[in-house]
Amino acid sequence: SAVISQKPSRDICQRGTSLTIQCQVDSQVTMMFWYRQQPGQSLTLIATANQGSEATYESGFVIDKFPISRPNLTFSTLTVSNMSPEDSSIYLCSVEGLRADTQYFGPGTRLTVL
Amino acid sequence: GESVGLHLPTLSVQEGDNSIINCAYSNSASDYFIWYKQESGKGPQFIIDIRSNMDKRQGQRVTVLLNKTVKHLSLQIAATQPGDSAVYFCAEITGGGNKLTFGTGTQLKVEL
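Heads up: the sequence lines are chains A and B, in that order. At position 15 of the first sequence (counting the first as 1) the number is 15 in the numbering used here, and the numbers step up by one without a gap. At position 5 of the second sequence (counting the first as 1) the number is 5 in the numbering used here, and the numbers step up by one without a gap.
Read the hints as simulated data drawn from the structure, not as lab findings. Treat the hints with care, since some could be wrong.
For lysine to aspartate or glutamate, the following EDC-like pairs were computed, each having C-alpha atoms within a straight-line distance of at most 16 Å [what the hints assert, rightly or not]:
#: 1; chain 1: B; residue 1: Lys99; chain 2: A; residue 2: Glu96
#: 2; chain 1: B; residue 1: Lys109; chain 2: B; residue 2: Asp17
#: 3; chain 1: B; residue 1: Lys99; chain 2: B; residue 2: Asp49
#: 4; chain 1: B; residue 1: Lys99; chain 2: A; residue 2: Asp26
#: 5; chain 1: B; residue 1: Lys99; chain 2: A; residue 2: Glu58
#: 6; chain 1: B; residue 1: Lys99; chain 2: B; residue 2: Asp31
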């Protein structure tokens, strides 16, 4: 499986500010995914990010709030914009495995919004 | 450290016993299922997968059973060890796509 890193690992932010989370993978992958995991809950897909095209967002998530970049096959960023305490969550990126339907996850970014 | 399992169902087992973690899914069109293990402070780790044309698949100390009739998935862990303590999630993919839908998760606690 790929080695996936995320930066920052955690952050505490003030409401109204924005945070950009980076996801780096050690091999080229076509599809990368961003998930949110609210405290004590399961994972929810935010969007799918393919290199060279606009990200595809799931119901309840919009580009203005969660802009995503995918400049190459090993890197992606997720920005959480105009943050409120309700955005306090773990944000995880994942990449497809050698079999396209398998996904491997990064360590997550723990965000607290005050 | 921070736990993601604060509000999740909990299964407590004695070290050395077998564990069975269950998952119900709702979409009869789901054709691929994955079990993930998430330790405190880490991202989910792939454990084992199974396709809908199979009933059972075995890995190292783990077995996944799929009952499509009642839309039920289980993960069996043999000889449970303290290192197995984590939150376990099932996830499904529907229609040959790549969108994972996660279940609610179960916190497994291994008692010494």
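Exercise. Which numbered hints are broken by the structure, listed smallest first?
Worked result: Violated: hint 4 alone.
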